[in-house]
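Top line first, the protein sequences correspond to chains A and H.
Read in this note's numbering, the first sequence has 130 at position 130, and its numbers run on one by one without any break.
Read in this note's numbering, the second sequence has 195 at position 195, and its numbers run on one by one without any break.
The set of hints was computed from the structure by calculation and includes no laboratory data.
The beta carbon of each residue, even a glycine, is placed where N, CA and C say it ideally should be.
Treat the hints with care, as some may be off.
Negatives, chain H to chain A, calculated, CB over 12 Å [stated by the list, open to error]:
#1 H22
#2 K35
#3 G150
#4 Q192
#5 E233
Simulated coverage check for chain A against chain H, where a stretch passes if three residues somewhere in it have a Cβ under 8 Å from a Cβ of chain H [claimed, not checked]:
#6 58-65
#7 69-83
Estimated spans, in silico, between C-beta atoms of each pair [claimed, not checked]:
#8 D141(A) to H15(H): 43 to 49 Å
#9 E91(H) to N87(A): 51 to 57 Å
#10 T133(A) to E23(H): 51 to 57 Å
#11 E23(H) to A112(A): 37 to 43 Å
#12 S50(A) to E19(H): 32 to 38 Å
#13 D84(A) to H15(H): 48 to 54 Å
#14 A54(A) to H15(H): 39 to 45 Å
#15 G69(H) to L55(A): 22 to 28 Å
#16 E84(H) to L125(A): 18 to 24 Å
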Amino acid sequence: MDYCRKMGITGQLRFNQLRHADATLGTELDMAQSYLNLLQIRMMDRLSFSLDVALELRCAVLPPLLLQPLVENAIHHGLEPKVDGGNIRISARVNGADLEISVEDDGLGLDAPRRPGRTGQGIALNNIRARLTTRYAQQADLTLESLPVGTRATIRIPLEAAV
Amino acid sequence: MTRALIADDEHHLAHYLKEQLHELWPELDIVHVAKNGLDAAAKIAEMQPDLAFLDIQMPGLSGLEVAQGIEGTTRVVFVTAYEEYAVQAFEKAALDYLLKPLKVERLRQTIERIKVTQPIDASLATALKRLLTTQPPATTPLRYVRAGQGDLTHQIAVSDVLFFQADDKYTVVQTVRGEYLLRTPIIDLAQQLNPEQFWQVHRSTLINLNFLAGTRRDESSRLFVRIKGHPRELPVSRAYVHLFKTM
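Could you build all of it, start to finish, from the sequences and the hints given here?
Dropping the structure here:
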């Protein structure tokens, strides 16, 4: 978190007491990247990924383990069952007073028939929605969209910076 | 030499299994390592290996789907990280079900099991396949057969046929003019002929009722049919004697 101060950007963002259990977008991205690196050992050239997040946004506050299940969904439902695999892109941007984090894949998509033995997407997504509501009420949400090829999941939460 | 195929979308695991098999069963010939279910199904059909080590969760087709599609004599060992497919796996007549991470001792047991299990008998497999793929009776009965005599082929009206008789790989077509050879097995002919006109009187014999002259029972009560225009009597097997009870 040192570089957050070094960047001198924290002052521009609304200060908020950092709850003990909170993470930052930076640490969550690092974890997602470790996970994806590991998955690349398994899937080899069937998996590629990119992170598109401005450095200053890495200080943004994020409840832990919101991003990770979205990345896992993109793998399990999108790319792992696809013969040629594909690409995952994680991006974040500021939209007004909100932080939007998206996980996109070019995998099988939401309309793909359920494969036997693969549990539906319900549990992880419902869990994320419940946590967002508890923490932010109506100020946050999770949306899923079908892309021409693949799926995009986006979390929108109020932008807060870690001190 | 026993030939095997490995299918796993995770290259490292496929490679590890290949190495372990090589170590424990050096004579085993690994003919292909498939990267997904579609690849596995295609190569099994093409190469007809004796064994297939199939991962279950693969892109394209699952290992269970691949096993279901096998038409030849390839036998399957599933190799998976999930234990919940075991019942389905054995319903697909799996030889064994290995859990990842693979343990060498357990793989050794699998190999022993494979070696003592007799390979699927090819002729039995052919017979089963015929049973499963037998065509429903043709709506219009066969009227002509094309049968060979020397290097000539003759078109013969089935109404001229005295009887059909299985002879090794061929079926003999007997008419008043002589014998001809046909490749269609008796069992398939029986399905294509009009059952009012042709009766099966023996595993290897179909007779044309229009030429039936009568029957004869010998001293040991075996039944024979006499055919018009043919000097030889044909035996009726016990299973078909009932056909003549009402005559």
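Nearest-CB test (12 Å) between chain A and Q192(H): 40 Å, holds
Verdict for E84(H), L125(A) (Cβ pair) under range 18 to 24 Å: Holds, since E84(H) and L125(A) (Cβ atoms, about 23 Å apart) stay within the stated range.
E233(H) remote from chain A - nearest C-beta pair above 12 Å: Holds, since 60 Å exceeds 12 Å.
Outcome for the supplied range 51 to 57 Å, where the beta carbon pair is T133(A) and E23(H): 55 Å, holds
Satisfaction of the hinted span 48 to 54 Å by the C-beta atoms belonging to D84(A) and H15(H): 20 Å, violated
S50(A) paired with E19(H), Cβ distance criterion 32 to 38 Å: The hinted range 32 to 38 Å holds for S50(A) and E19(H), with Cβ atoms some 34 Å apart.
Outcome of range test on Cβ distance (G69(H), L55(A); 22 to 28 Å): 51 Å Cβ-Cβ, so the 22 to 28 Å window is violated.
Coverage of the region 58-65 of chain A by chain H (three or more Cβ within 8 Å): Per the Cβ count (0), the hint is violated.
H15(H) and A54(A) - C-beta distance against the hinted 39 to 45 Å: 40 Å, holds
Satisfaction of the hinted span 51 to 57 Å by the C-beta atoms belonging to E91(H) and N87(A): 37 Å, violated
Outcome for the supplied range 43 to 49 Å, where the beta carbon pair is D141(A) and H15(H): 44 Å, holds
Closest CB of chain A to the CB of H22(H) still more than 12 Å away: The claim holds: H22(H) sits with its nearest Cβ about 21 Å from chain A, beyond 12 Å.
Comparing the model with each numbered hint stated earlier shows that hints 2, 6, 9, 13 and 15 do not hold.
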